[in-house]
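Asker: Residue numbers (the working numbering), protein chains in the order written: chain A, 507 to 618; chain B, 9 to 119.
Hints listed in this document are in silico derivations from the structure and should not be mistaken for laboratory results. Be aware that one or more of the hints could be misleading.
[Stated by the list, open to error] DSSO-like mimics (lysine-lysine), calculated; alpha carbons at most 30 Å apart, straight line:
(1) A:LYS558 to A:LYS536
(2) B:LYS76 to B:LYS106
(3) B:LYS62 to A:LYS519
(4) B:LYS79 to B:LYS64
(5) B:LYS106 to A:LYS519
(6) B:LYS111 to B:LYS13
(7) A:LYS558 to A:LYS519
(8) B:LYS106 to B:LYS62
(9) B:LYS111 to B:LYS76
(10) B:LYS76 to A:LYS519
(11) A:LYS558 to B:LYS106
(12) B:LYS111 to B:LYS62
(13) B:LYS76 to A:LYS558
(14) B:LYS106 to B:LYS13
(15) B:LYS79 to B:LYS13
(16) B:LYS76 to B:LYS62
(17) B:LYS64 to B:LYS111
(18) B:LYS62 to A:LYS536
These are the residues of each chain, in order.
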Amino acid sequence: DAGVTQSPTHLIKTRGQHVTLRCSPISGHKSVSWYQQVLGQGPQFIFQYYEKEERGRGNFPDRFSARQFPNYSSELNVNALLLGDSALYLCASWRTSTDTQYFGPGTRLTVL
Amino acid sequence: DQQVKQNSPSLSVQEGRISILNCDYTNSMFDYFLWYKKYPAEGPTFLISISSIKDKNEDGRFTVFLNKSAKHLSLHIVPSQPGDSAVYFCAASAGDDKIIFGKGTRLHILP
């Protein structure tokens with residue numbers, strides 16, 4: 507089985523632009539979470555989706571939004587990019603709340 | 009306010025010896041604790057977990073110990089191998105699928 511996949515792997519944007527990051531969960535997994543990892547820190551929770559509904563949101567501004575599609579894939583959108591948004595964005599998927607979360611390789615976003 | 013703390017940014021251990029990585033937490037609502045390992049250019053990989061109803065969980069070379077009264081957990085790796093060199097993240101959740109991570113400890117296994 508393929509693991510969690512994310513696209514693109516790397517992305518360079520300028521301040522003020524918009525970005526969309528994509529995630530495909532492991533087959534059969536209905537939950538997806540997004541995390542932001544800045545250099546030297548651990549991953550920080552952004553959003554959790556289960557069955558296409560938002561189940562949790564971390565302490566991030568409204569510039570960050572996400573959605574989950576009927577096939578359980580997910581998009582993370584960030585508007586009005588700031589330099590501080592430069593980070594590795596990780597997606598994780600799992601079947602139910604008793605399962606382990608499996609992470610994708612991440613998308614490295616650089617904002618210039 | 010950091011709820012999960014890994015106070016050692018790095019640790020060096022001789023190959024074959026025991027590696028002990030430590031983690032402290034502040035939120036008494038946490039009931040599930042995890043350790044993840046991360047190599048460069050990869051996402052975190054789940055290693056081992058422990059529920060708050062237990063004080064020890066073992067999986068091969070990896071053992072996690074939980075001391076609830078001290079709000080402390082540790083990961084023991086024995087014997088340490090070169091492939092164990094990575095960043096290790098301690099993480100916790102309060103039953104809501106939201107995982108709170110520490111900053112990580114970089115483990116170097118020396119030949």
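Asker: When the hints from earlier in the document are held up against this structure, which numbers fail?
Answerer: Checked against the structure, the hints that fail are numbers 3, 10 and 13, while the rest are satisfied.
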